[in-house]
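Take the sequence shown: its letters are residues 1 to 169, numbered as in the working numbering.
In short, the hints are calculated from the structure, not lab data. Don't take every hint at face value.
Said to hold, decoys possible - Each computed DSS-like pair below joins lysine-lysine, with the alpha-carbon atoms no more than 25 angstroms apart: (1) Lys134 with Lys101; (2) Lys68 with Lys96; (3) Lys160 with Lys134; (4) Lys68 with Lys103; (5) Lys71 with Lys134; (6) Lys51 with Lys134.
Said to hold, decoys possible - What follows is a list of derived Cβ distance ranges for each label pair: (7) Arg90 with Asp118: 37 to 47 angstroms; (8) Asn36 with Lys71: 45 to 55 angstroms; (9) Glu15 with Ile148: 37 to 47 angstroms; (10) Val94 with Lys71: 19 to 29 angstroms; (11) Asp92 with Lys152: 40 to 50 angstroms; (12) Asp91 with Lys160: 44 to 54 angstroms; (13) Tyr141 with Asp93: 43 to 53 angstroms; (14) Asp131 with Asn45: 47 to 57 angstroms; (15) Tyr14 with Asp142: 48 to 58 angstroms.
Built from N, CA and C at the ideal position, the CB exists for glycine as well.
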Amino acid sequence: MCAAKNTEANGITYEECHWITEIAASALMIRNFIMNHSMRLAMFNEFSKLKLLAVAETRFVSVIVMLKRFKLIKQQLKMMVISEQWSCYRDDDVTKAINVKEKLLDDSWWDLIDYILDFTEPIYEMLRATDTDKHCLHLVYDMWDNMISKVKKAIYKHEKKNDYEGSSF
Numbered sequence: 001m002c003a004a005k006n007t008e009a010n011g012i013t014y015e016e017c018h019w020i021t022e023i024a025a026s027a028l029m030i031r032n033f034i035m036n037h038s039m040r041l042a043m044f045n046e047f048s049k050l051k052l053l054a055v056a057e058t059r060f061v062s063v064i065v066m067l068k069r070f071k072l073i074k075q076q077l078k079m080m081v082i083s084e085q086w087s088c089y090r091d092d093d094v095t096k097a098i099n100v101k102e103k104l105l106d107d108s109w110w111d112l113i114d115y116i117l118d119f120t121e122p123i124y125e126m127l128r129a130t131d132t133d134k135h136c137l138h139l140v141y142d143m144w145d146n147m148i149s150k151v152k153k154a155i156y157k158h159e160k161k162n163d164y165e166g167s168s169f
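Taking the hints into account, I'd like the entire structure generated from these sequences.
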């Protein structure tokens, strides 16, 4: 759902959407860095009661699930990387640790996560509503229209545009 693939047939779409893949990749790198280093994971566990999720990439909207969890633990992640423990610990990749710290303290990175979650939430809601054993085919057209409207609203709000203006996204 959130992985732009660069193929000849969708070059324009890729240009518009590849940033989503970059944000997802950096979040995955941060999660893996913390989860794969026992001392960093211990630090994280001191700051957060919630755990970092190891969501399989084959799971339904795994990137969205991971970004939602990041948003829930945003303050704890920030507190962890500004702590003295984070700066003093030097037994693993220091360059990666600095990169993780810079990303987690970058407000524009968090704004992009919020934007991704804002415009994908209506899509996620619709897919969840139709992923059921109940009969809902008769509702799909209405849900689709509502979903498109909500997605446009989130995009136009982010781009600071009016409804009647176009968006390349």
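Now the hints, each set against the structure:
no.: 1; hint: Lys134 with Lys101; in the structure: violated (46 angstroms)
no.: 2; hint: Lys68 with Lys96; in the structure: holds (23 angstroms)
no.: 3; hint: Lys160 with Lys134; in the structure: violated (39 angstroms)
no.: 4; hint: Lys68 with Lys103; in the structure: holds (16 angstroms)
no.: 5; hint: Lys71 with Lys134; in the structure: violated (32 angstroms)
no.: 6; hint: Lys51 with Lys134; in the structure: violated (33 angstroms)
no.: 7; hint: Arg90 with Asp118: 37 to 47 angstroms; in the structure: holds (38 angstroms)
no.: 8; hint: Asn36 with Lys71: 45 to 55 angstroms; in the structure: violated (22 angstroms)
no.: 9; hint: Glu15 with Ile148: 37 to 47 angstroms; in the structure: violated (22 angstroms)
no.: 10; hint: Val94 with Lys71: 19 to 29 angstroms; in the structure: holds (27 angstroms)
no.: 11; hint: Asp92 with Lys152: 40 to 50 angstroms; in the structure: holds (44 angstroms)
no.: 12; hint: Asp91 with Lys160: 44 to 54 angstroms; in the structure: holds (45 angstroms)
no.: 13; hint: Tyr141 with Asp93: 43 to 53 angstroms; in the structure: holds (51 angstroms)
no.: 14; hint: Asp131 with Asn45: 47 to 57 angstroms; in the structure: violated (33 angstroms)
no.: 15; hint: Tyr14 with Asp142: 48 to 58 angstroms; in the structure: violated (31 angstroms)
Hints 1, 3, 5, 6, 8, 9, 14, 15 from the earlier list are contradicted by this structure; the remaining hints agree with it.
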